[in-house]
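Colleague: Residue numbers (my numbering), protein chains in the order written: chain A, 1 to 312; chain B, 1 to 258.
Just so you know, the hints here were simulated from the structure itself, not pulled from any lab data.
Nothing here was measured: the structure is a model prediction, and the numbers come from that model.
Please note: incorrect hints may appear among the correct ones.
[Stated by the list, open to error] In the DSBU-like style, the derived pairs of lysine-lysine whose C-alpha atoms are separated by at most 35 Å in a straight line are:
# : chain 1 : residue 1 : chain 2 : residue 2
1 : B       : Lys151    : B       : Lys121
2 : B       : Lys109    : A       : Lys121
3 : B       : Lys109    : B       : Lys138
4 : A       : Lys121    : B       : Lys151
5 : A       : Lys121    : A       : Lys242
6 : B       : Lys121    : B       : Lys109
[To be verified] Here are some chain B residues pointing at chain A (derived, C-beta under 10 Å):
# : residue
7 : Ser93
8 : Ala112
9 : Gly119
Think of the CB as a built atom: it goes at the ideal place given N, C-alpha and C, for glycine as much as any other residue.
This is what each chain is made of:
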Amino acid sequence: MLPRSQILLLASLILAGVVSAFSGNMDTYFLDVAMGVGISVVLASSLNLINGFTGQFSLGHAGFMAVGAYTSAMITTTLGPKFGWSQLGLQWVLFPASLLVGGLLSALAGLAVGAPSLRLKGDYLAIVTLGFGEIIKVVLQNVEAVGGARGLVAVPGHTNLFWTFGTAALTVYVVWALMNSTYGRGFLAVADDEVAAEAMGLNTTRYKIIAFAVGSFFAGIAGGLYAHLKGYLNPTGFDFNKSIEIVIMVILGGMGKHVGVIVAAVVLTAVQEPLRQLGDWRMILYALILILLMILRPQGLFVWPLWTKKTT
Amino acid sequence: MAALLQLDQITIRFGGLTAVSEVTATVQTGELVGLIGPNGAGKTTVFNMITGVYQPSGGRIQFRGRSTAGLRPFEITELGIARTFQNIRLFPSLSVFDNVRVAFHLHLKHAAIHSLSRGPKFHAEEEELREATLGLLKIFNLERVQNEPAKSLPYGDQRRLEIIRALATRPQLLLLDEPAAGMNPAEKVELMRLIQFIRDQFQLAILLVEHDMKVVMGVCQRIHVLEYGRKIAEGTPQQIRANPAVIAAYLGQESTAA
Ligand SMILES: Nc1ncnc2c1ncn2[C@@H]1O[C@H](COP(=O)(O)OP(=O)(O)O)[C@@H](O)[C@H]1O
Ligand SMILES: [Mg+2]
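Excised from the complex, chain B in its bound form:
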């Protein structure tokens, strides 16, 4: 079976710097895959290429057997890839509710003109979306703050809201960029549980970026390791843990990554 996401020798250069170099990787349908590596390894840049923020200087990206070359980010989201950002990017002035609601956009049957006519169909669909939004917020216990502006939420809730918002686009592949960043160990454990729950509940594949090895070891089925823009290893958590190249890459890191 063809992979859900196939990265084929992707490379990107920023001026003289080759941030990602000939990386080949796959994510299968429904799989939970880790993408790890020290800071600056190129993990976020890989996400930015997958989602169309950057066009690769070389190589190919295929999603569901279709090349994503030349597509704009919103078109890639349309294909079924959603993401979160390493530095949270919510819609700060919109309410928690609206942050999620607006992400249902792709599945809207009504357009600008229906906002003006406001017929029964418009209202029925708005009601449907209200329920769907509240449903998502409830799963993550955020319905109590639905009317607050997103920027007023505590950090951990903002991270979770960003994941919910991505889910509202109904993706088949969810890219999470360091969702555990800034959390304490207990919160990290809770988040990993949540990520597994999302994968099962929404039946999607997840590509999880994390620079803390310990976090991903517990949840991922397969892990890709980047260092200086190159892939240095791929395998199950056990294989990765025992891989000398990975140990070397992380040796100086262990103390800071905890």
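Just chain A, with the same shape it has in the complex:
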């Protein structure tokens, strides 16, 4: 008999599959937004592991997303035609494999950035991760093999409701399951007091590295989903603004709160299209929301006692 959490995960995956199977005649605009929402949940929940639960401050999530996006898009665009597989083989073998490789490479990038910089705290870590995100962008803009500044085009549209919601459910499950164990309480302990955590025998560096690796793994997968949803990639899509957008979801949802952050990701993504008409004013609006939130409701917008309960 599976534990309840795994039954829930399984049920979510099946539901995602069923809804996806019947999505053929759904409104394409609605579908696009829905898939965008799923990707945002993956991004926000995975960043929540780093910034919320473990108390680090990463501003480079879009950079990790870019690593996964370009990796998986390169795999499907180059290998896809060569293999000459059926649509089914591409959809169910090559695409998920490319997502996985993208996630793994992104996790490696997470390790590479995380390991040397995790001795840094707060603002310093934020600056290093911010720098990483910008470096990734500039590198992508200058490597012709991945399209350079023009970007990567003709990425096959493999992303569907099943992959987005399935990945979202899996991400939420992984973050939830990690936190809800004696081992996982260590992440929260590291966030609360690093000196005390070390004194209790916790290898705080190891915890932070795991948070970074798992967080960037899912950011990479989200990137792959994004690539095969949009059909093209542009380095500027993974800039500082994108990272900030994800950070805002985590803060709005209440750092280190599972449900709050999911709700924030859903709401913010759903209103994004209408808000796009505001152009650059959108970022100013975000900044205003953030300031007001810090003053009026620092614990997050979508948090009430029901969701802050911490039991296994």
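We have chain A; now place chain B with the ligands onto it with these hints.
Modeller: Chain B with the ligands alone, transformed into the frame defined by chain A:
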């Protein structure tokens, strides 16, 4: 028999200030030892060197015959040394229960991956740890507040919770940094009784830092006295009480230390 903990001429300098200077001291297995001295004498700094928070500028520290040089704090805890902090350092947002549970970390058989698979072994171990945590909380009468965030506890309970949390690492040596600070005389007596109980029940050695001489006199078998970073005396409570250097060091202190 070799000492459990051996401090050999340890020294540490912060810039121009020599906070601890050539201190030599031992703690034997199962012993309850006091480390006393006026404020600023270097007691907490000695703890920070033993636990790897600071590396000594000179001298050697050996625990169970093994040098602790270069080890990180969590590795020293792994060897069997646990501590409390002078300014309480609980995990404030975690529940009382989780504060203790997380300190069983060193004895966990499962790792991150098992939190994901959540098999029968994982659940069995979690259940085992739940019982062990509740067992510790019960001894100290804190099981009734197990679900409260640690920061919401009254001061005295926070101090006791910090001791319980340290015990959960299953140490052979427990370092207590002014556990009686901020308590009234009745609470201090109760705490000293508790400390002796812990030593007997958990069969460990305790090094107790206190700047109030009267508190340690009653419970410690041996006492080391620090002043201005130097050790000025060592002996039984009777010997310490009669030591002229100690009396001199504490003369101006008596009124404030009460
Ligand atoms: N990290 C540090 N940097 C500079 N000076 C320090 C540091 N830690 C302790 N000290 C100094 O070392 C001396 C001893 O401090 P401490 O060990 O806290 O004394 P005690 O615990 O006996 O009251 C004090 O003068 C203190 O200011
Ligand atoms: Mg002190």
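Colleague: If a hint holds in the structure, say so; if it does not, say that too.
Modeller: These are the hints, each one checked on the structure:
1. Proximity of Lys151 (chain B) to Lys121 (chain B) is assessed by CA-CA distance (about 33 Å); at most 35 Å being required, the pair is judged to hold.
2. For the hint linking Lys109 (chain B) to Lys121 (chain A), the alpha-carbon distance of about 30 Å falls within 35 Å, and the restraint holds.
3. A hinted pair counts as satisfied when its Cα atoms are at most 35 Å apart, and Lys109 (chain B) with Lys138 (chain B) qualifies at roughly 24 Å.
4. For the suggested pair Lys121 (chain A) and Lys151 (chain B), the alpha carbons sit about 23 Å apart, so the restraint of at most 35 Å is met.
5. For a cut-off of 35 Å, the pair hint linking Lys121 (chain A) to Lys242 (chain A) stands: about 22 Å separates their Cα positions.
6. Restraint check for Lys121 (chain B) and Lys109 (chain B): the C-alpha separation of about 9 Å stays at or below 35 Å, so the hint holds.
7. Residue-level restraint check for Ser93 (chain B) holds (minimum Cβ-Cβ distance to chain A is 6 Å; threshold 10 Å).
8. Checking Ala112 (chain B) against chain A by beta carbon gives a least distance of about 6 Å; that is within 10 Å, so the hint holds.
9. Satisfaction of the interface hint for Gly119 (chain B) is found here, the shortest Cβ-Cβ separation to chain A being roughly 9 Å, below the 10 Å cut-off.
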